[in-house]
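Q: Model the full structure from these sequences, guided by the hints.
There are 2 protein chains.
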Amino acid sequence: MELEFVRKLVQKNDTKIVLLVVDGLGGLGRQSSGPTELEAADTPNLDNLAAHSLCGLHEAVAPGITPGSGPSHLALFGYDPLKYQVGRGVLSALGIDFDLRPSDVAARGNFCTVDDEGMVTDRRAGRISTEKNQELCTLLREIEMEGVELLIETVKEYRLLLVLRGENLSPQIDDTDPQAIGEPPMEARALTPQAERTAGMIREFLERARDILAEHHPANMVILRGFSQLPSWPSMEEVFRLKAAAIAGYPMYRGVAKLVGMDVLETSADLGAELDVLEQHWAQYDFFFVHFKAPDSAGEDGDFERKKALIEEVDRKVPPILALKPDVLIVTGDHSTPSLLRYHSWHPVPVLLWSRFCREDGVDRFGERACMHGGLGPRLPAVHLMPLALANALRLEKFGA
Amino acid sequence: MELEFVRKLVQKNDTKIVLLVVDGLGGLGRQSSGPTELEAADTPNLDNLAAHSLCGLHEAVAPGITPGSGPSHLALFGYDPLKYQVGRGVLSALGIDFDLRPSDVAARGNFCTVDDEGMVTDRRAGRISTEKNQELCTLLREIEMEGVELLIETVKEYRLLLVLRGENLSPQIDDTDPQAIGEPPMEARALTPQAERTAGMIREFLERARDILAEHHPANMVILRGFSQLPSWPSMEEVFRLKAAAIAGYPMYRGVAKLVGMDVLETSADLGAELDVLEQHWAQYDFFFVHFKAPDSAGEDGDFERKKALIEEVDRKVPPILALKPDVLIVTGDHSTPSLLRYHSWHPVPVLLWSRFCREDGVDRFGERACMHGGLGPRLPAVHLMPLALANALRLEKFGA
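Same order as they appear, the protein sequences are chains V and P.
Heads up: take any position in the first sequence, counting from 1, add 201, and you land on this note's numbering.
Heads up: take any position in the second sequence, counting from 1, add 201, and you land on this note's numbering.
Do not rely on the hints blindly, as some may be mistaken.
For chains that are exact copies, the list does not tell them apart, and a pair is met inside one copy or across any two.
Said to hold, decoys possible - Straight-line alpha carbon distances no greater than 20 Å define the calculated SDA-like cross-link-like pairs of lysine to any residue that follow:
no., residue 1, residue 2
1, K284, E205
2, K526, R325
3, K599, D215
4, K357, R342
No wet-lab data here; the hints were simulated from the structure.
Computed from a predicted model, the values in this text were never measured in an experiment.
A: Below is the structure:
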C-alpha cells in the first residue's frame with residue numbers, strides 16, 4: 202500500500218502506540234519437531250497478552266526472502282522496503298553512528314588482498330582484526346585532496362566507511378568491488394556525466410590507498426561499493442502524523458529510525474534502561490519504537506538457551522509497558538534469527554497487536570506455531586502493521602464515502 | 202516479485218531440490234462435506250512427510266482464476282504467469298512435441314463448419330475424430346507457397362497446429378477465429394506493418410484451405426488464433442543459478458520446461474519410470490521437476506476412485522524419493538482437477554515443502570482441509586514457491602544490510 206494512500210486517511214488524536222521490536226525474535230527448533238527459542242521460553246505475560254491480542258506471523262519483504270536490518274525495520278515502520286532502498290554506504294554510516302550530511306557521498310569499503318598482478322585474492326583481507334583496521338584507517342587518513350574532505354572510519358574487522366564531504370558530489374558511481382576473486386578491482390566509473398568529477402576523486406583515492414597499503418599484506422588494497430547519499434523520504438510525522446521517538450541502543454537502528462524522521466532518544470542497549478527512557482518521554486510522543494538487540498546476537502552466536510533467556514527478559518518487561526497504558530502495543534521481531542542457522546533467516550516472525558479494539562483471535566500463546574492460526578495470518582506483509590496500528594489507535598478515517 | 206530481484210540474491214551451493222508435480226492434485230468431495238480425492242486416499246508417507254513440512258495451499262494466478270497448464274507450471278517454476286505469457290500457437294506446438302524454431306510463427310487452428318454464406322455454424326466442426334483430422338491435415342499439406350514452409354500437424358479431434366517457417370515472419374497477426382457462431386471467419390489482419398507479408402501468406406493459406414475442405418462438411422473450414430513465436434525468457438540457470446532437469450512423460454510439460462531452459466530428460470509417463478530417471482541423473486542437476494500426469498486425466502474423466510488410487514501410487518513413491526536425500530522436496534499439483542467438475546478448476550492446491558529448516562507447522566495430514574492451517578497459508582501465490590525452495594536450500598543471500 203502506498204504511503205500517500207494512508208496519509209490521506211490519517212487523523213490526529215492523543216493515543217499512544219508502542220512498537221517493541223525484539224531483534225531476531227523468530228526461530229527454529231533444535232530438532233525439526235522441537236520448540237523454537239520463543240516456544241521454549243517461559244513467557245506468561247506475553248502469552249496472556251497474546252490471548253487478548255490479534256496474532257500472526259509477518260514477512261518483511263516476501264516469502265523466502267531474508268531481510269537485512271534496514272529493509273526489515275523500514276517495513277515495520279510502514280515503508281515498502283522494495284521502494285525505500287538505502288545504499289550500503291549510507292547503511293554503513295548509520296551502523297556506526299556516523300553523522301552523515303545530506304550532501305555527503307558514502308561508500309562501504311573492504312580491505313582486501315591483491316596479488317602482484319593486482320588481482321583480488323581475498324575480498325576480506327584474511328578477516329583482519331578491528332585493531333588492524335583502525336591502524337590502517339589512520340594511515341589512509343593521510344590522503345588529502347583538493348575540493349573534498351575525505352572521512353575514513355573503521356566499521357569492524359575488514360570493513361570500513363569512506364565518506365566524501367564537499368559540494369556537487371554525486372553517488373552515481375559503480376562499485377569497484379569485483380564481487381569475485383581472480384579479478385582486479387574495477388575502476389570507479391561514473392554512471393552519469395554529473396558523477397565524473399566524484400568518480401575521478403575516488404580513482405585518485407584508490408590509487409593513493411594502494412600505495413599506502415602496499416606493505417600491509419594481506420590488507421594491501423581497498424574495494425568500495427554502495428556509493429550513496431542520505432535518502433530524502435517523507436517522515437512518519439508527514440505520512441502518519443505521528444510524533445515518533447526511537448529508543449534503541451545500537452547505531453544501525455537509530456540510523457534507520459532517523460531516515461523516517463524519528464527523534465532518537467539517548468539510551469543504552471539494556472532493555473530496562475530503554476524502558477526507563479520510554480517512561481520518561483511518555484508524555485512527549487505519539488509513537489515509540491523500542492528496539493532490543495540482544496536476542497539477535499544470541500541467535501547469531503547459535504546460543505539457543507541465551508536467546509530463550511533474553512526472550513524471558515522481554516516477557517518480564519511486558520507489565521511495566523502495559524502500566525504506561527498504551528492504546529496500541531505491538532510486540533514482534535524484525536526478522537528471524539534461528540540459533541540453528543546462526544544468522545538472519547527468511548522465516549516469518551511472530552507478531553501480536555494489542556488494543557482495546559483488536560478483535561481477539563483465540564491464540565493464547567505467543568509462539569511461531571500458535572501465531573500461525575491468528576487473525577493476522579501466517580504471512581502478513583510487515584508493511585501492513587503500521588496502518589493496523591493506526592486503525593487500532595482510531596487514527597484512520599474511512600476510505601471513500 | 203521480480204525475477205531480477207531474486208537473481209541478485211542467489212548463490213550457488215551443492216544442494217538438491219525436487220519439485221514433484223501431481224497434475225490436477227486438488228479436488229472436491231463427492232458431497233460438499235465429503236473428503237476430496239486426496240483426503241480419501243490412504244497416504245501414510247505423504248502424511249508423515251507433511252508432519253515434518255511446511256504446508257499450505259497455493260494459487261497459480263489469483264483467487265478464482267483457473268489456470269491452464271502453461272501458466273500453472275510457469276508459476277511453480279517461479280515465473281509470474283501474468284508477465285510470462287505464451288501464445289496459444291506456441292503452446293499447441295509444445296503440447297505435441299513439435300520442434301519449434303525461434304523464427305517460426307505458430308498458430309492454433311480449429312477445423313470448423315461454415316454455411317453457404319460462409320458464416321461459422323460450429324467452431325469445432327462437430328468435434329470430428331482425430332483420425333478424420335489426420336486425413337484432412339494430409340490434404341492441407343498439399344498447399345505450397347513461395348518463400349515459406351507450411352507445417353501442418355494434427356493436435357487432437359478438431360484441433361490442429363499451423364507453423365510457418367521462413368525468414369522475416371511476424372506473429373503480429375490478429376485471430377481469424379470470430380469466437381462466435383453466425384459470423385464469418387475474420388480476415389487475417391496484420392497488427393503491424395512488418396506483419397503485412399506474413400498476414401498475406403495466412404490469407405492465401407486460408408483461401409486454399411477453404412477450397413480443399415469444401416466437400417468435407419462439417420470440417421469445411423479452418424479458423425486460426427494465437428499467432429506466436431517462441432518467447433526468449435531468462436532461463437532458470439540465469440535467474441536461479443540452478444542446473445535444472447525436467448522429467449515429464451507428456452509433451453506439454455516438457456515444452457513448458459524447455460521455455461525456462463530446463464534440460465528435458467528422456468522418460469515415459471509412468472511415475473516409476475520417471476523416478477528411475479531421477480535416480481540415474483541425481484548427480485548431474487541441482488533441480489528436478491518431476492511431473493505425474495495421470496491424476497489429472499482421471500479427474501477429467503470424472504473418475505474419483507481412479508484419481509484416488511493414483512494419488513496412493515504417488516504416496517508409495519515418496520520413500521524412494523526421500524532415499525535420494527534431497528535438501529528440499531516440494532510435493533504439490535499445478536492446479537485442481539476435481540472429478541466432480543471433470544476439468545481444471547480454480548481451487549487452491551495442496552502443497553508441502555520439506556527441508557531441514559522448513560519450520561514444521563503442526564499439519565500432519567496432506568489434504569486440502571488440513572493444509573489450510575499450514576504455515577504457507579491457504580492462498581500462497583505459487584510464484585513464491587521457488588524463492589522459498591531456494592531459501593530452504595540456503596541458496597539465497599539476505600536482502601539489504
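Q: Each hint: holds or not?
A: We went through each hint and held it up to the structure:
no., hint, in the structure
1, K284 with E205, "both (13 Å within a copy, 15 Å between copies)"
2, K526 with R325, "neither (49 Å within a copy, 34 Å between copies)"
3, K599 with D215, "within (19 Å within a copy, 38 Å between copies)"
4, K357 with R342, "within (17 Å within a copy, 73 Å between copies)"
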